[in-house]
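Please model the complete structure; the sequences and the hints are all you need to start from.
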Amino acid sequence: MRRPTGFAAFSVLWVGQFLSVLGTRMTNFAVSVWVWDQTGSTTQFTLTLFFAFAATVVFSPIAGAIIDRWNRRTTLMLAEVGTALATLVLLALFLTNTANLWQLYVLNFVTGAFVAFQVPVFQATITLMMERGNYPRANAMMFAVRTTPELFAPLLAALLLATTSIELVLALDSLSYLFAIGSVLLIAIPAIPPRPADTAPSTFWQDCRLGFTFIMRSRSLRNLEIFLIAINILASIGWLLLRPMVLERTGDDADALALVLATGAIGGIGGTILVALLKTPRDKMRYVLWATVAFSVIGRIVYGISDVLLVLGFALIVVHMCIPVIDGYATSVWQEKVEPHYQGRVFAARQFVEELSVPIATLIAGPLLEYVIVPWMAEGETGAKLFGGMVGTGSVGGIGLVFVAIGVLGTLLAVVSFLTPSLRRIETIMPDVAPETTPGEPDPATDIPVEAKQPVEAGAAR
1 MRRPTGFAAF SVLWVGQFLS VLGTRMTNFA VSVWVWDQTG STTQFTLTLF
51 FAFAATVVFS PIAGAIIDRW NRRTTLMLAE VGTALATLVL LALFLTNTAN
101 LWQLYVLNFV TGAFVAFQVP VFQATITLMM ERGNYPRANA MMFAVRTTPE
151 LFAPLLAALL LATTSIELVL ALDSLSYLFA IGSVLLIAIP AIPPRPADTA
201 PSTFWQDCRL GFTFIMRSRS LRNLEIFLIA INILASIGWL LLRPMVLERT
251 GDDADALALV LATGAIGGIG GTILVALLKT PRDKMRYVLW ATVAFSVIGR
301 IVYGISDVLL VLGFALIVVH MCIPVIDGYA TSVWQEKVEP HYQGRVFAAR
351 QFVEELSVPI ATLIAGPLLE YVIVPWMAEG ETGAKLFGGM VGTGSVGGIG
401 LVFVAIGVLG TLLAVVSFLT PSLRRIETIM PDVAPETTPG EPDPATDIPV
451 EAKQPVEAGA AR
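By the numbering used here, the letter at position 130 of the sequence shown is numbered 130, and the numbering carries on one by one without gaps.
No lab work stands behind these hints: they were computed from the structure. This one's a predicted model, so the numbers in the text were calculated from it and none came from an experiment. For each residue, glycine too, the CB sits at the ideal point set by N, CA and C. Check before you lean on any hint, since a few could be wrong.
[What the hints assert, rightly or not] Straight-line Cα separation of at most 20 angstroms, SDA-like style, residue types lysine to any residue; simulated pairs:
#1 K385 / D307
#2 K279 / E427
#3 K385 / L363
#4 K385 / I364
#5 K385 / I301
#6 K385 / A405
#7 K279 / W290
#8 K279 / E336
#9 K279 / N134
#10 K385 / V404
#11 K279 / D432
#12 K385 / I269
#13 K279 / R132
#14 K279 / S11
#15 K385 / T362
#16 K279 / F7
#17 K385 / P375
#18 K279 / A262
#19 K279 / A8
#20 K279 / G133
#21 K385 / I305
#22 K279 / I269
#23 K279 / T428
#24 K385 / V396
[Unchecked claim] Now the in silico label distances, taken between C-beta atoms and shown as ranges:
#25 V416 / T98: 38 to 46 angstroms
#26 T362 / N100: 22 to 30 angstroms
#27 A262 / A162: 43 to 51 angstroms
#28 F204 / V433: 22 to 30 angstroms
#29 W205 / I269: 51 to 59 angstroms
#30 L85 / S41: 23 to 31 angstroms
#31 L277 / I429: 27 to 35 angstroms
#32 G40 / G394: 39 to 47 angstroms
#33 N100 / F152: 28 to 36 angstroms
#34 G389 / S41: 37 to 45 angstroms
#35 A158 / S41: 16 to 24 angstroms
#36 R286 / P201: 36 to 44 angstroms
#37 E167 / G40: 17 to 25 angstroms
#38 R286 / P367: 35 to 43 angstroms
As structure tokens, then:
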């Protein structure tokens, strides 16, 4: 039987990934509930998340080097089998009633290490499987894999926990990996194109650094990455303050919070469908920057000012509709401008720095809001006199002012980017280097790891 190729193959891969991520999100919810029930400690709860996050960040450069040294099928299998084994160990611990916190920390760290492979290898595989015009569609679909399960997984996991046990949730998650692994085995994945003859050999540790140096040597790629990091930090600050903002505006109404979050999830699905259906524009950066403006003005400034529930819901819909546009088109630019044999390392380097946006945002948002802005916005203080009429006073006014501030900064960032030729015109300044995919060219079973190479200065800086 001939294996599917091209978009059909990617669709098979997508279904396997969607089911796998849905199972993983269910496990994450169920385990977090178990940790909270066992300890009642916010610190213990956050530590379980910290170990997974830290491993993903730390192992990203290593993952990038491996992705470009091995064929894509092998790396995809490594990521899926590794996380599946960690889930099976966790299931065994709960079945034998021997699970405790330190084991969860270790398993979360192991899982996070394998997760470090997933986003870079899928982004790098898209350029091998798809024609250039379909990159945004594929990226939007992969964005949906990362976000849509958040809408269903907690509900399904809560239902299973109420009627059965955490062991069933873990068993279903383990089963979901069979679909992900099976999807990788079923499809044809083209081989990585050969490296240029004028590149010099490099060691494994040089390859771990190559993604960072590759980006820094190109002004356009460097500016694009700075833009994306800045947007991620601003978006993360808003994400961290979203729930307290809604609760403050609605008088601690949990139902109102659930409704607003649900409308946001619907917006994300709508944005994904929009990018998937629209014809790929010739000037993708223009769409990225205008989506950033809409994100900042409606999703942040309006959000900070309004206390009307319908307006909050609408603003969050706009935010989540803009994210697939920004993510899908920006990622497509990277896929078009970075040679396939460097993409694993470059995308892993991007993951490393962009994942750091959450802790950076946490360090900025928490102390700044609690110790500076909220006291400044108290009744009778200078901030309240200046901005109280616009955003309110006290805690709610402080959070609202932060939303307005990051909205203004996001808008200014987009304006500066419009005025920066090396970023605004990156698609014409840099040539497309990813060759058109030949959908019928499978990855041979005999494909062996190829030694990674260092890019020459001219190739990395053009």
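Going down the list of hints, with the structure as the test:
no.: 1; hint: K385 / D307; result: 19 angstroms, holds
no.: 2; hint: K279 / E427; result: 17 angstroms, holds
no.: 3; hint: K385 / L363; result: 27 angstroms, violated
no.: 4; hint: K385 / I364; result: 24 angstroms, violated
no.: 5; hint: K385 / I301; result: 19 angstroms, holds
no.: 6; hint: K385 / A405; result: 17 angstroms, holds
no.: 7; hint: K279 / W290; result: 17 angstroms, holds
no.: 8; hint: K279 / E336; result: 16 angstroms, holds
no.: 9; hint: K279 / N134; result: 9 angstroms, holds
no.: 10; hint: K385 / V404; result: 16 angstroms, holds
no.: 11; hint: K279 / D432; result: 18 angstroms, holds
no.: 12; hint: K385 / I269; result: 41 angstroms, violated
no.: 13; hint: K279 / R132; result: 12 angstroms, holds
no.: 14; hint: K279 / S11; result: 18 angstroms, holds
no.: 15; hint: K385 / T362; result: 27 angstroms, violated
no.: 16; hint: K279 / F7; result: 15 angstroms, holds
no.: 17; hint: K385 / P375; result: 12 angstroms, holds
no.: 18; hint: K279 / A262; result: 28 angstroms, violated
no.: 19; hint: K279 / A8; result: 18 angstroms, holds
no.: 20; hint: K279 / G133; result: 8 angstroms, holds
no.: 21; hint: K385 / I305; result: 15 angstroms, holds
no.: 22; hint: K279 / I269; result: 18 angstroms, holds
no.: 23; hint: K279 / T428; result: 19 angstroms, holds
no.: 24; hint: K385 / V396; result: 15 angstroms, holds
no.: 25; hint: V416 / T98: 38 to 46 angstroms; result: 55 angstroms, violated
no.: 26; hint: T362 / N100: 22 to 30 angstroms; result: 27 angstroms, holds
no.: 27; hint: A262 / A162: 43 to 51 angstroms; result: 20 angstroms, violated
no.: 28; hint: F204 / V433: 22 to 30 angstroms; result: 24 angstroms, holds
no.: 29; hint: W205 / I269: 51 to 59 angstroms; result: 42 angstroms, violated
no.: 30; hint: L85 / S41: 23 to 31 angstroms; result: 28 angstroms, holds
no.: 31; hint: L277 / I429: 27 to 35 angstroms; result: 29 angstroms, holds
no.: 32; hint: G40 / G394: 39 to 47 angstroms; result: 29 angstroms, violated
no.: 33; hint: N100 / F152: 28 to 36 angstroms; result: 29 angstroms, holds
no.: 34; hint: G389 / S41: 37 to 45 angstroms; result: 41 angstroms, holds
no.: 35; hint: A158 / S41: 16 to 24 angstroms; result: 21 angstroms, holds
no.: 36; hint: R286 / P201: 36 to 44 angstroms; result: 40 angstroms, holds
no.: 37; hint: E167 / G40: 17 to 25 angstroms; result: 22 angstroms, holds
no.: 38; hint: R286 / P367: 35 to 43 angstroms; result: 37 angstroms, holds
When each numbered hint is compared with the structure, violations occur for hints 3, 4, 12, 15, 18, 25, 27, 29 and 32.
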